[in-house]
Amino acid sequence: MTPLGQLDLDTITVQDAVSVATVCIGTGRRLNALRREDWAALERAAASLAVREELRAVVIRGRGGVFCSGSDLGEWEGAKPEEVTESFAAMEAALQAVEDLPVPTVAAVERFATGAGCQLALACDLQLVNRSAMIGMPIARLGLLVPPTFATRMSLRIGPGRTKDLLYGGRLLAAEEANQLGLITTVVDDGTVDAALAELLTHWDGLSAASLRASKAAVNVGLNPLVQPARHAPQGIASDPDEFDRRLHSFLHRHNPRPE
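In terms of the working numbering, the sequence shown is residues 1 to 260.
Take the hints with a grain of salt, since some may be wrong.
[Claimed, not checked] Per label pair, the in silico range of CB-to-CB distance:
no. : residue 1 : residue 2 : range
1   : Asn224    : Gly159    : 15 to 23 Å
2   : Asn224    : Ser19     : 24 to 32 Å
3   : Ser132    : Gly170    : 19 to 27 Å
4   : Gly182    : Arg231    : 20 to 28 Å
5   : Thr185    : Ala17     : 18 to 26 Å
6   : Ser132    : Ser215    : 41 to 49 Å
7   : Ser19     : Gly78     : 25 to 33 Å
8   : Ala210    : Gly78     : 49 to 57 Å
9   : Gly169    : His249    : 33 to 41 Å
10  : Gly170    : Ser19     : 37 to 45 Å
11  : Asp242    : Ala89     : 31 to 39 Å
12  : Asp242    : Val51     : 40 to 48 Å
13  : Arg52     : Glu176    : 48 to 56 Å
14  : Thr192    : Asn220    : 24 to 32 Å
These are calculated hints, taken from the structure and not from any lab test. The beta-carbon is built from N, C-alpha and C at its ideal position, and this holds for glycine as well.
Using the sequences and the hints, build the whole thing.
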């Protein structure tokens, strides 16, 4: 397993098998919250995998038994609004690079996939989620402004009404409810993500690699008319200047914070 990128990070690494690459994110600490340079490294990792003709699938998972709680909010304390916006741009570039991978992608989700971690899971084609895991987008609690791409990823799966309900409420979903809504694809018993992942990849290994790639491309043809306008829409600032600093400070300095 080797780190990617010029930043010599240990937070984004790629483990290669014969035809499957596993991208491991985070360090196992802070619920694998990612900083701006981590998102940039993830973008580079995805871009490097996209050109590998022998690749059949990519798995994204977190270290330490947790997927990803989103961006590292401590990085934004005292930051200027434009710095937060630039961090969102780095985050979105990584998410799009994952979405643009030409092979099937799987998010192996344990414990939390929240905020940008939720978006990372949704950027993958499939999600294998532990039954006790929580998933959602509670960013309204912080005064962050949802970009069109974030809303579109959710709307394509569960529709605009349910997406608005989740974004307005900022609540986290248990895996079963997320699965019933169609936000994720598969719920597995706790401790069985590895076994379920191995079974899925073994099945794919017996199929035509060209057919797998063509299936993904064919589905994306129908999605592109919805996805591309969101990607090219003006993103604007990423935070409410009247609310963000106060809400962020309150979140970072309260006891036993829930992941955002």
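So, going through the hints one by one against the coordinates:
no.	hint	result
1	Asn224 <-> Gly159: 15 to 23 Å	holds, 19 Å
2	Asn224 <-> Ser19: 24 to 32 Å	holds, 27 Å
3	Ser132 <-> Gly170: 19 to 27 Å	holds, 20 Å
4	Gly182 <-> Arg231: 20 to 28 Å	holds, 22 Å
5	Thr185 <-> Ala17: 18 to 26 Å	holds, 22 Å
6	Ser132 <-> Ser215: 41 to 49 Å	violated, 31 Å
7	Ser19 <-> Gly78: 25 to 33 Å	violated, 45 Å
8	Ala210 <-> Gly78: 49 to 57 Å	holds, 51 Å
9	Gly169 <-> His249: 33 to 41 Å	violated, 23 Å
10	Gly170 <-> Ser19: 37 to 45 Å	holds, 40 Å
11	Asp242 <-> Ala89: 31 to 39 Å	violated, 22 Å
12	Asp242 <-> Val51: 40 to 48 Å	holds, 44 Å
13	Arg52 <-> Glu176: 48 to 56 Å	violated, 36 Å
14	Thr192 <-> Asn220: 24 to 32 Å	holds, 30 Å
The structure does not agree with the numbered hints 6, 7, 9, 11, 13 stated previously, though it agrees with the rest.
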